[in-house]
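**Q** Between the sequences and the hints, there should be enough to build the whole structure, so can you do that?
Residue numbers (my numbering), protein chains in the order written: chain A, 110 to 682; chain B, 10 to 260.
If you're looking for bench data, these hints aren't it; they were derived computationally from the structure. Where a beta carbon is used, it is the ideal one built from N, C-alpha and C, also for glycine. Among the hints, erroneous ones may be present.
Unchecked claim - Computed list of lysine-lysine pairs in PhoX-like fashion (alpha-carbon distance at most 25 Å, straight line):
id, chain 1, residue 1, chain 2, residue 2
1, A, K519, B, K220
2, A, K115, A, K482
3, A, K519, A, K120
4, A, K519, A, K503
5, B, K37, B, K211
6, B, K236, A, K519
7, A, K482, B, K236
8, A, K128, A, K115
9, B, K145, B, K87
10, A, K162, A, K134
11, A, K503, B, K236
12, A, K682, A, K171
What the hints assert, rightly or not - One side only, chain B facing chain A, incomplete, derived with CB under 8 Å:
id, residue
13, M101
14, T107
15, Y109
16, F110
17, F179
18, L182
19, Y225
20, D228
21, Y232
22, R233
Unchecked claim - Covered stretches of chain B (chain A as the covering partner; in silico rule of three or more C-beta atoms under 8 Å from a C-beta of chain A):
id, region
23, 121-135
24, 162-172
25, 241-248
Take a look at the letters that make up each chain.
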Amino acid sequence: MADDRKRMFQKDLENKFTKEHGTNKMEGGDITDMRIPYYRLGVDQNPRKLEMKKVGKEIAEKRGLAGYNPMMHCGGIPLGQRALTPSFISGNDDMMVENDDLHYVNNAAMQQMWDDIRRTCIVGMDMAHETLEKRLGIEVTPETINHYLEVLNHALPGGAVVQEHMVETHPALVDDCYVKIFTGDDELADEIDDQFLIDIDKQFPAEQAEQLKSSIGNTTWQAAHIPTIVSRTTDGGQTTRWTAMQIGMSYIAAYGMCAGEAAVADLSYAAKHAGVVNMGDMLPARRARAPNEPGGVTFGNLADIVQTSRTDPEDPAHVTLEVVGAGCMLYDQIWLGSYMSGGVGFTQYSTAAYTNNILDDNLYYDVEYINDKYDGAADKGIDNKVTPSMDVIKDIATESTLYGLENYEKYPVALEDHFGGSQRATVLSAAAGSAGSLATGNANAGLSAWYLCMYLIKEGHGRLGFFGYDLQDQCGATNTFSYQSDEGLPHELRGPNYPNYAMNVGHQGGYAAIAAAAHAGRGDAYALNPLIKVCFADEMLPFDFSQPRKEFGRGALREFEPSGERSLIIPAK
Amino acid sequence: MAYEAQFYPGATSVAENRRKHMSGKVEKLREISDDDLTIILGHRVPGTDYPSTHPPLAEMGEPECSIREMVEPTDGAKAGDRIRYVQFVDSMYNAPSTPYFRSYNAAINFRGVDPGTLSGRQVVEARERDMEELAKFQLETEMTCPALACLRGASVHGHSLRLQEDGVMFDMLERVRLENGTIIVQKDLVGRPIDKKVDLGKPMSDEEAAKRTTIYRVDNVPYREDKEVLEWVHRIFEQRTTYGYKPAVQE
Numbered sequence: 110m111a112d113d114r115k116r117m118f119q120k121d122l123e124n125k126f127t128k129e130h131g132t133n134k135m136e137g138g139d140i141t142d143m144r145i146p147y148y149r150l151g152v153d154q155n156p157r158k159l160e161m162k163k164v165g166k167e168i169a170e171k172r173g174l175a176g177y178n179p180m181m182h183c184g185g186i187p188l189g190q191r192a193l194t195p196s197f198i199s200g201n202d203d204m205m206v207e208n209d210d211l212h213y214v215n216n217a218a219m220q221q222m223w224d225d226i227r228r229t230c231i232v233g234m235d236m237a238h239e240t241l242e243k244r245l246g247i248e249v250t251p252e253t254i255n256h257y258l259e260v261l262n263h264a265l266p267g268g269a270v271v272q273e274h275m276v277e278t279h280p281a282l283v284d285d286c287y288v289k290i291f292t293g294d295d296e297l298a299d300e301i302d303d304q305f306l307i308d309i310d311k312q313f314p315a316e317q318a319e320q321l322k323s324s325i326g327n328t329t330w331q332a333a334h335i336p337t338i339v340s341r342t343t344d345g346g347q348t349t350r351w352t353a354m355q356i357g358m359s360y361i362a363a364y365g366m367c368a369g370e371a372a373v374a375d376l377s378y379a380a381k382h383a384g385v386v387n388m389g390d391m392l393p394a395r396r397a398r399a400p401n402e403p404g405g406v407t408f409g410n411l412a413d414i415v416q417t418s419r420t421d422p423e424d425p426a427h428v429t430l431e432v433v434g435a436g437c438m439l440y441d442q443i444w445l446g447s448y449m450s451g452g453v454g455f456t457q458y459s460t461a462a463y464t465n466n467i468l469d470d471n472l473y474y475d476v477e478y479i480n481d482k483y484d485g486a487a488d489k490g491i492d493n494k495v496t497p498s499m500d501v502i503k504d505i506a507t508e509s510t511l512y513g514l515e516n517y518e519k520y521p522v523a524l525e526d527h528f529g530g531s532q533r534a535t536v537l538s539a540a541a542g543s544a545g546s547l548a549t550g551n552a553n554a555g556l557s558a559w560y561l562c563m564y565l566i567k568e569g570h571g572r573l574g575f576f577g578y579d580l581q582d583q584c585g586a587t588n589t590f591s592y593q594s595d596e597g598l599p600h601e602l603r604g605p606n607y608p609n610y611a612m613n614v615g616h617q618g619g620y621a622a623i624a625a626a627a628h629a630g631r632g633d634a635y636a637l638n639p640l641i642k643v644c645f646a647d648e649m650l651p652f653d654f655s656q657p658r659k660e661f662g663r664g665a666l667r668e669f670e671p672s673g674e675r676s677l678i679i680p681a682k
Numbered sequence: 010m011a012y013e014a015q016f017y018p019g020a021t022s023v024a025e026n027r028r029k030h031m032s033g034k035v036e037k038l039r040e041i042s043d044d045d046l047t048i049i050l051g052h053r054v055p056g057t058d059y060p061s062t063h064p065p066l067a068e069m070g071e072p073e074c075s076i077r078e079m080v081e082p083t084d085g086a087k088a089g090d091r092i093r094y095v096q097f098v099d100s101m102y103n104a105p106s107t108p109y110f111r112s113y114n115a116a117i118n119f120r121g122v123d124p125g126t127l128s129g130r131q132v133v134e135a136r137e138r139d140m141e142e143l144a145k146f147q148l149e150t151e152m153t154c155p156a157l158a159c160l161r162g163a164s165v166h167g168h169s170l171r172l173q174e175d176g177v178m179f180d181m182l183e184r185v186r187l188e189n190g191t192i193i194v195q196k197d198l199v200g201r202p203i204d205k206k207v208d209l210g211k212p213m214s215d216e217e218a219a220k221r222t223t224i225y226r227v228d229n230v231p232y233r234e235d236k237e238v239l240e241w242v243h244r245i246f247e248q249r250t251t252y253g254y255k256p257a258v259q260e
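**A** Structure representation (structure tokens):
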């Protein structure tokens, strides 16, 4: 089957490597050629590099201080000694982008994805309502809840309530800030004003909606998004503080409470601690990050933040691949790439996994292989899954890896596109791991396939990633199936701060995908947390979490419109 | 009973070559003079003394220590040499060696070496004269084809890139070039031009490279056809996994 299959990356790689882009002279040849002419055209062959070079020169002249100058590279031998080629966003063939534009600094959509996660928290309403009803004897009805939500949507962005003569934030700067609620209680949902409700029945396929409502039950939750501009100026820990403060003030205003009465403390405690769900856990002191920073976002949570599972539930591989894209961007480009290392070069670890359809091809091949051999086990469903076993993991991971390795050998341009071993290892293992999850519906089985894939790559090509990359993959198999404290965890609960993964470059997007694949494969409505899944089922968010990769492409093409802009309060250019 | 190391499983030429690299029983194909090696490494001027970071051990009056008594220092350590490196880049288009097998060769056959294994390059740090011994060994033997492998300290990309039209592995700094059928070194490890053209000899033919390589490739020796290697990878994987999960079942 492998030899006859039309590769999903063929068109992209032909456009990338056999068509001229800018003035890179790449016209002609074949994607199976093993030898090519190298023209050594430097940065001037590429439109974006030319733009950057021109701007760098202008900045240096304007400020009288040296700045960006590509001739500083290697003593005057700049990038571009080989052809600088564009990339195509996987799953979106028409989106050809410059690689530079996939750096998060150059990409407003990537920034907004992280902004939208960091500025979000979920706050329960039930404890507050019990306090109001049982302690203060105040009646809570759908009408009072609607009124409270109207007050909170004024207060949460920074509007004043209760107190007089207060400064306020300008609404045009914080227009992305709002709160909605959701509940598993159909009767209550019917009574809530549409503008305030995330309607589970409307947002999710019926089967998923039932799962979610059953899990959430009669509890009610606020999905709060503080202003992007606030989140960027402060940190992830600000999200619950800002939200809790405005929630407390809004309860006081909406329910006519005394501003200083003791019950307010109960409301604050519920909003800040007892009834709040962060997107990311607080990190230990040695990494010194507040809640809602990327290092605390578990793989299960990220799988739930991405929404493709509800918009394209019949294609679990697609769901998986969108989580790969989101995860590689968040964990590699932003978390490890910047927070942890301070580097600028991590981008290409990530882009390998969501450009040019190379990973997509590998995973969809795996789906075909699994479905042929295991009677449709990779299709969405529960009864069709194959029981996890060492033999199944070995079979699927081996076939997936050999297919991927052979693609690099048959198509030299694929090897050249993934020019670093860490890129190839990430892509191949993401495919094998996700395939293991899809077939079994078990994320730890998928993780096991990941580790076997790493061993197979190393022995096949005599190389893997780099020292630190390989280390983690040599020892990971030993704790794959352990749930004991300090030894292991169910995969959905692991995250960037799991001990073995804390500096695990190029892995974490794949890990998140393994968590997503297990549940998308089963047709589950969520991977780990139903509240998070519902919270992000909201088209009002600036970033479309149902198609992260397309959003990154829009960002690269400069079509994405972010929030939190300051043009209102700065001089016009 | 004397144990004879088997080094590596597999029934193919790639597996056999891996065993040769690991055992150090490789064929010598060329001569590189000490001065030429020094020039292309670029760590010091040929003919000059090895810079040292401490006096010879014999003059240092070392403290009494059973480990020191048991372990014979390498020549570089005895002399107090500084630590320097050699780094190879091997093309995935049938270069004879691969990073892991360069590391295994170094770690098994040489003392006082610190191999580092990446995907596109393989570095060994050691006392300078010890490092040179290893570098000379790997350069002169079938572990290296001068067109498909290259010494590079920085700007190392090339291992995964398509070859140049003349069959030489791409190097953005063009440290070597093919001239009259032989590979000439014109820059040192970090791309500084050198005063003398150093001739590394003829590249291997495509057929010879395919015969001597340690990388599995679908167009040469396919990985999936070396069943014994795959079986051993599976065995290692299964044992590591099972040991972590439930030690009691391990024999």
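**Q** Taking 8 Å as the C-beta cutoff, is the stated coverage of the region 241-248 of chain B by chain A satisfied by three or more residues?
**A** holds (count 5)
**Q** Hint check: A/K162 vs A/K134, CA-CA at most 25 Å. Holds or violated?
**A** holds, 20 Å
**Q** Check the hint pairing B/K37 with B/K211 against an upper bound of 25 Å on the C-alpha distance.
**A** holds, 14 Å
**Q** For the pair we were handed, A/K115 and A/K482, check the Cα-Cα distance against 25 Å.
**A** It holds: about 20 Å lies between the C-alpha atoms, which stays within 25 Å.
**Q** Measure nothing beyond the straight line between the CA atoms of A/K519 and A/K503; if it is 25 Å or shorter, mark the hint as holding.
**A** Holds: A/K519 and A/K503 sit about 24 Å apart, inside 25 Å.
**Q** Just to be careful: measuring from the Cβ of B/F110 to every Cβ in chain A, is the smallest value less than 8 Å?
**A** holds, 6 Å
**Q** Regarding the pair A/K503 and B/K236, is the alpha-carbon distance no greater than 25 Å?
**A** Holds. A/K503 to B/K236 sits at ~14 Å (cutoff 25 Å).
**Q** Against chain A, does the region 162-172 of chain B show at least 3 residues with beta-carbon separation below 8 Å?
**A** Answer holds; 8 residues pass the 8 Å Cβ test.
**Q** Close enough to count: is the Cβ of B/Y225 nearer than 8 Å to one in chain A?
**A** holds, 5 Å
**Q** Between B/K236 and A/K519, is the straight-line Cα distance small enough, at 25 Å or below?
**A** Between B/K236 and A/K519 the Cα gap is close to 21 Å, so the pair holds against 25 Å.
**Q** B/Y232 was flagged as interface toward chain A. Is the shortest Cβ-Cβ separation under 8 Å?
**A** Holds - the Cβ of B/Y232 comes within 8 Å of chain A, reaching about 4 Å at its closest.
**Q** Between B/K145 and B/K87, does the CA-CA distance stay at or below 25 Å?
**A** It holds: about 20 Å lies between the C-alpha atoms, which stays within 25 Å.
Going through the hint list in order, the structure satisfies each hint without exception.
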